[in-house]
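**Q** Each chain, letter by letter, is given below.
Protein chains: 2
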Amino acid sequence: MQTAINRQFRLASRPVGDITADNFEYREEAIPQLSDGEVLVRTIYLSLDPTNRIWMSDRPQYMPPVEIGQVMRGGGIGVVEQSKNPNFKTGDLVSGMLGWQDYALALGNTGLDITKLPNPLPYPLTALIGPLGMTGFTAYFGLLDIGKPKAGETVVVSAAAGAVGSVVGQIAKIMGCRVIGITGSDEKCRWLVEELGFDDAINYKTANLETALAKSCPDGIDVYFDNVGGAILDAVLTKINLHARIPLCGLISTYNATEPVPGPYNYSQILMQRSLVQGFIILDYVPRFGEAIKDLGQWLNQGKIKYALEIVEGLENAPSAILKLFDGSKIGKLAIKVSQEPV
Amino acid sequence: MQTAINRQFRLASRPVGDITADNFEYREEAIPQLSDGEVLVRTIYLSLDPTNRIWMSDRPQYMPPVEIGQVMRGGGIGVVEQSKNPNFKTGDLVSGMLGWQDYALALGNTGLDITKLPNPLPYPLTALIGPLGMTGFTAYFGLLDIGKPKAGETVVVSAAAGAVGSVVGQIAKIMGCRVIGITGSDEKCRWLVEELGFDDAINYKTANLETALAKSCPDGIDVYFDNVGGAILDAVLTKINLHARIPLCGLISTYNATEPVPGPYNYSQILMQRSLVQGFIILDYVPRFGEAIKDLGQWLNQGKIKYALEIVEGLENAPSAILKLFDGSKIGKLAIKVSQEPV
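Protein sequences appear in the order of chains A and B.
Residues 1 to 343 (our numbering) make up the first sequence, in order.
Residues 1 to 343 (our numbering) make up the second sequence, in order.
Calculated from the structure, these hints are not laboratory results.
Now the in silico label distances, taken between C-beta atoms and shown as ranges: (1) B:145 x A:328: 38 to 44 Å; (2) B:176 x A:287: 27 to 33 Å; (3) B:176 x A:197: 48 to 54 Å; (4) B:145 x A:91: 49 to 55 Å; (5) B:294 x A:16: 55 to 61 Å; (6) B:176 x A:208: 48 to 54 Å; (7) A:286 x B:301: 45 to 51 Å.
Pulled from the structure, derived: some chain A residues nowhere near chain B, Cβ distances all over 10 Å: (8) 86; (9) 256; (10) 288; (11) 297; (12) 337.
Just so it is clear, CB atoms sit at the ideal spot from N, CA and C, and this is done for glycine as well.
Working from the sequences, and respecting the hints, build out all of it.
**A** Following this line, the structure appears as structure tokens:
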């Protein structure tokens, strides 16, 4: 799987609506030469996330959009192959925005920062793609720092079988809450309730959401962890309690829209129920990642947090695999295995 | 002006769209007899507020709607005429939800609570309808407790020439902020800038809002005190800074709507700019009113807070006067003078 060339996918055009394969250009480049202070990283796992769709657009967003012609941005885990930086040596495991390519040049003047992983690693490397990676941290800080769930409260999470949502629900259970997941298939509903211990799960594609929420949340909704926006947010707003908290993590229902998307029709409920909506991006929490690693690592080792990973083999499959984020076909975290883990 | 009967306006029907005179029924009742523990209050000033429109509807709201046939709810200031309650005596000035009537029966088993005002009162009685009343407290807690403005930041307020907005802007100036008001006439714009010391004011009826905001807020918007929702909120969202705070006080642009109203099209900016929207109702702050009275009273006496009142004489004019809240014709606080102040 390792190559003598550096295979890359660059952004060829901005998607209009759904992502298509021709939004990416495949390139074969030479493996870059190192200058002083730089490090060459071989990508092992490439994370695929809904936020990739935001970066491909030029709408207002929380980082600069990927420019046309740039290597597609993506978080990943890799191994140092060569180093001219005294802080890194060959064989070090690292994480960072490695991009959709076999090899990334980092540090020095490259503009790419990387973080060294512990050695030995107390978890499987794949855990760092899952609950001990960005998506786990997103669940942790969004729920605990903004949602502030109290024991006995009702927490609802959308995209509940996704990488973030599935961890949100399990942390809320650890906090003593009643937890309801909203997801898009009966299979995912079963996984949430039977495997992850959610109290109930709603298939929004077949249920009447307001009726189902009323049944699953007899005491109303205190925290809604929003990954999707749109009609699901509107239904939830009809059931929120006084002083409800709504961590706003994502709006995946709107990312592929080609026309302006209205905000929630029940926006006035935020006023009437004196509630809070707060947007957040995990990059704002970097200085506090240690807290998340400590708690999530402990819960993982205690078996209190379970996770599912769908690993697609081969960088060449990234442009087709990313569609799985939007068609509802995956459970848990989606990643590309670009090259082998070190033995 | 005092009457031997108790004139009342009761809710006759719920408005569809704009309030009309026939939403109210005029009644003449006997002045009620007191039971033990009760107090008879003569209304002096009746406050008219946008929230009255919410109470007249049966949409989801923060208090029970006024029932058809009930005396229309309204905050007011009055004087105790008779008392069978040891804590109140004839002549005491009080505030409370006196309703649209000459006389209100309070305390005991009436369900109506009242608050005794200081004697002697260190301000004109009308100040308690304005900045030292509910609308002033709303400005104070919404801006300071949720908006948390810091010196040098830019604060934008909508319905800026209203009872709440005009106080918001002046408190923000006291906090050292750049303050921009959005209002509906050139006359109000002049009042905000020339009389109240706002840095700039925008007439949303004639300006291109996004262009005007870009010009008035060269450093973006850190706090948006929202009284209106709708298109103004959407324009403001395009200019908010990272970690902006949006105290959600009112949505007057939607109160008269007869169709479902979409939330802001730029809702995603709350996510992208990691911002906060928090609804609040002044009733949640009752235990902290003392803080507001202390600061606002001091600022008032120092001349740092100015206010405008439009006092309409005569309870009989309440059903027509309330329309002024929605037609943009008033500056500052609107109230009805129901009877004379004690000499």
